[in-house]
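There are 2 protein chains.
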Amino acid sequence: MSKGLVVQKFGGSSVANVERIQNVATRVVSYRKKGFDLVVVVSALGDTTDELIALADKINMNPSEREMDMLLSTGEQISVALLAMAIHKLGFEAISFTGAQGGIITDSSHTRARIIRINGDKIKEELKKGKIVIVAGFQGINLNQDITTLGRGGSDLTAVALAKELNASSCEIYTDVQGIYTTDPRIEPKARKIKAITYDEMLEMASLGAQVMQSRSIEVAKKFNVPLHVRSSFSKNPGTMIIKEVKKMEEVVVNGITLNKNEAKITLCNVPDKPGVAVKLFEELACAQVSVDMIVQNVGHIRQTDISFTVPKADSAKATKITKRVASEIGAGDVLLDNDIARVSIVGVGMKSHHGVAAGMFGVLAKNKINIEMISTSDISISCIIKKRFAETAVRALHEKFGLAK
Amino acid sequence: MSKGLVVQKFGGSSVANVERIQNVATRVVSYRKKGFDLVVVVSALGDTTDELIALADKINMNPSEREMDMLLSTGEQISVALLAMAIHKLGFEAISFTGAQGGIITDSSHTRARIIRINGDKIKEELKKGKIVIVAGFQGINLNQDITTLGRGGSDLTAVALAKELNASSCEIYTDVQGIYTTDPRIEPKARKIKAITYDEMLEMASLGAQVMQSRSIEVAKKFNVPLHVRSSFSKNPGTMIIKEVKKMEEVVVNGITLNKNEAKITLCNVPDKPGVAVKLFEELACAQVSVDMIVQNVGHIRQTDISFTVPKADSAKATKITKRVASEIGAGDVLLDNDIARVSIVGVGMKSHHGVAAGMFGVLAKNKINIEMISTSDISISCIIKKRFAETAVRALHEKFGLAK
Chain A
1 MSKGLVVQKF GGSSVANVER IQNVATRVVS YRKKGFDLVV VVSALGDTTD ELIALADKIN
61 MNPSEREMDM LLSTGEQISV ALLAMAIHKL GFEAISFTGA QGGIITDSSH TRARIIRING
121 DKIKEELKKG KIVIVAGFQG INLNQDITTL GRGGSDLTAV ALAKELNASS CEIYTDVQGI
181 YTTDPRIEPK ARKIKAITYD EMLEMASLGA QVMQSRSIEV AKKFNVPLHV RSSFSKNPGT
241 MIIKEVKKME EVVVNGITLN KNEAKITLCN VPDKPGVAVK LFEELACAQV SVDMIVQNVG
301 HIRQTDISFT VPKADSAKAT KITKRVASEI GAGDVLLDND IARVSIVGVG MKSHHGVAAG
361 MFGVLAKNKI NIEMISTSDI SISCIIKKRF AETAVRALHE KFGLAK
Chain B
407 MSKGLVVQKF GGSSVANVER IQNVATRVVS YRKKGFDLVV VVSALGDTTD ELIALADKIN
467 MNPSEREMDM LLSTGEQISV ALLAMAIHKL GFEAISFTGA QGGIITDSSH TRARIIRING
527 DKIKEELKKG KIVIVAGFQG INLNQDITTL GRGGSDLTAV ALAKELNASS CEIYTDVQGI
587 YTTDPRIEPK ARKIKAITYD EMLEMASLGA QVMQSRSIEV AKKFNVPLHV RSSFSKNPGT
647 MIIKEVKKME EVVVNGITLN KNEAKITLCN VPDKPGVAVK LFEELACAQV SVDMIVQNVG
707 HIRQTDISFT VPKADSAKAT KITKRVASEI GAGDVLLDND IARVSIVGVG MKSHHGVAAG
767 MFGVLAKNKI NIEMISTSDI SISCIIKKRF AETAVRALHE KFGLAK
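Residue numbers (this note's numbering), protein chains in the order written: chain A, 1 to 406; chain B, 407 to 812.
In isolation and in its complexed conformation, chain A is listed as follows (with noise of 0.2 Å):
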């Protein structure tokens, strides 16, 4: 008898030559011997899609969406195959599946669709007979028989979308990493492997810079309750769970630490502390595409005031520009742009029930003589902006202070 369903998602490190897919076999069929039911989604091999891409650069520098969809889908397309022939090699049943005979129907937004339902009954089927059913990650049809592509994280969504779809008991992400940590463990080697998060902590981790999931596959979890183990492919040991809640014997306060040194600031000084002022600046730059990130306005004269925000350094020359048009349009002073700038948060969802989170944040800051330029909140995170040369030293004194060390 069967133990239940198991959804196993293999990323491209995972299986980037031919040792990797035989170990991913190796792992699968494990699960298999154990009894459970297996679907394994597999994206493309190593390095594929990027190589796919240059070649089609060569081609046509602003190739067809719709093409590039036709193009990259073949990347997942040799992983199931492959993988199929490796747990042949080992003696078990499998078949792979393209997105499209996997069911995956979507939208048709190219390069970025979403996942409109999943037709499962060819999966189920397959897993009737005994077998490993393999599913190509990242794609799949629009209603027009169009092979698509999910966009980034595109595979863990399919994943995700599956578990859900056929009932699974468990959604394993196989990574080149060990599971969601603390901090970066590259900055802080104390950074502890986090046992157990929720979907919401993961989620404002993911915004704040922790790159492990893309939050679109995370959110899809959380809508459904789909409970994720993100583990490494190369390790038996267990990750980390992404579930609904954490139940602890003492309540943790913050979970983790991220640090983003991709943002830039921008300031517009003596703005006229009108109404419609800032209105107008964020929908020019809305406009022009710039996503704006944190916010602040300094009340600082009578009548006058300072808007400082943050937005994704590759567009801080537009957003600068930009600003200064309006700056001349509205009357104000100068814009400075800042690209030497770094943001740390933390983030708990115990810090809901928990006062003076803050300011522990902002003593261990000024103990370490860090001057905090923007502050920014959530529910269940506080960021700070400060400049980046002291990133790293307030990433490990804020993990000491809130003792997340091993």
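Bear in mind the hints are in silico, worked out from the structure with no lab data behind them.
Subject to a maximum C-alpha distance of 35 Å in a straight line, what follows is the list of computed DSBU-like cross-link-like pairs (lysine-lysine):
no.	chain 1	residue 1	chain 2	residue 2
1	A	K3	B	K464
2	B	K719	A	K89
3	A	K128	B	K528
4	A	K34	B	K464
5	A	K124	B	K528
6	A	K352	A	K190
7	A	K131	B	K464
8	B	K680	B	K794
FRET-style restraints, in silico, Cβ to Cβ:
no.	chain 1	residue 1	chain 2	residue 2	range
9	B	A811	A	E19	53 to 59 Å
10	B	K642	A	M61	25 to 31 Å
11	B	K535	A	N119	27 to 33 Å
12	A	D121	B	V702	54 to 60 Å
13	A	K190	B	E425	52 to 58 Å
14	B	L549	A	S108	23 to 29 Å
15	A	N119	B	K464	32 to 38 Å
Since this is a predicted model, take the numbers as computed values, not measurements. A virtual CB, placed ideally from N, CA and C, is assigned to each residue, including glycine.
Dock chain B against chain A, hints included.
What follows is chain B alone, placed relative to chain A:
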């Protein structure tokens, strides 16, 4: 108004790199500019298929044929997407289809599937919109939605089948040679490109060693009377038309000379001249999947005979072993294997109505002191087995004798 529909097929060497893909796009667009509707069939880029096979071999030396089709079909999918991008770059509308999207429905014989029908609706729809339609060659889909491939020469078959289904006015097979030659120009530099040749002659030449097109697609073209134009993708010169009947002022007797050095001759000596002896030998060879080509039984001494036959060189060891076993069972004499043979053939529909062609062939060989070891004839061809070292001399002498030179 459209001038009619042309189906164009480009093989792997025609799309081996970015520059060649751009050349193909330019050629396709030149036809569009002249007012033709276009369906373009493309093979996988250069060595892609071989590379994928090598990759599969590393994982499983005996891969599932279904998974092999899943894997190999990505090759043409890459080609069609890139060609669509290249055509877009030239400012023309184009859309790519996999075999499945193109409605190529096959049986389930993976790696050598047969087309059972074509659902051309989607292609017709896009043609109506004025788009150049690009279809992946070599592949289709069975009724269970599994991807299939058509085996060797499969892309030609896709093109011919589409030309028939869509009622194309012409089906152009682009290749890396200029067309069909009276004989291999590497052997006889005076070899001449044939302007037009019948399906039957082409089939005979293909079966006798000419390697430009596989018999399978010529058979389908013949069955549905689809005129084929075999020509070079690197030049604008017309190639060779393959059609039902060639009208000429003066009928040509011999249209081409072929040479095949890939066979070996086996002779079973002193066979008791009793019914059922030959049957036993060739049944056993058939059971072992050895394909026997020419068979000659020389009536020699009374109540004893020699039987000679040719087999592909790759099978000669196996065939010799079987023949030796049969020899001892039936009380026959020695078994002789000769790997140093060649088959020279002359082909032409004109032979049917001309006398003395065989005599002419034998005379030329005799004049050149070339001994004939076996002879075999069909309605439109005569083949002689000779010693391999005389092969090129024979080809050149026959080419001269039958007036095929430029």
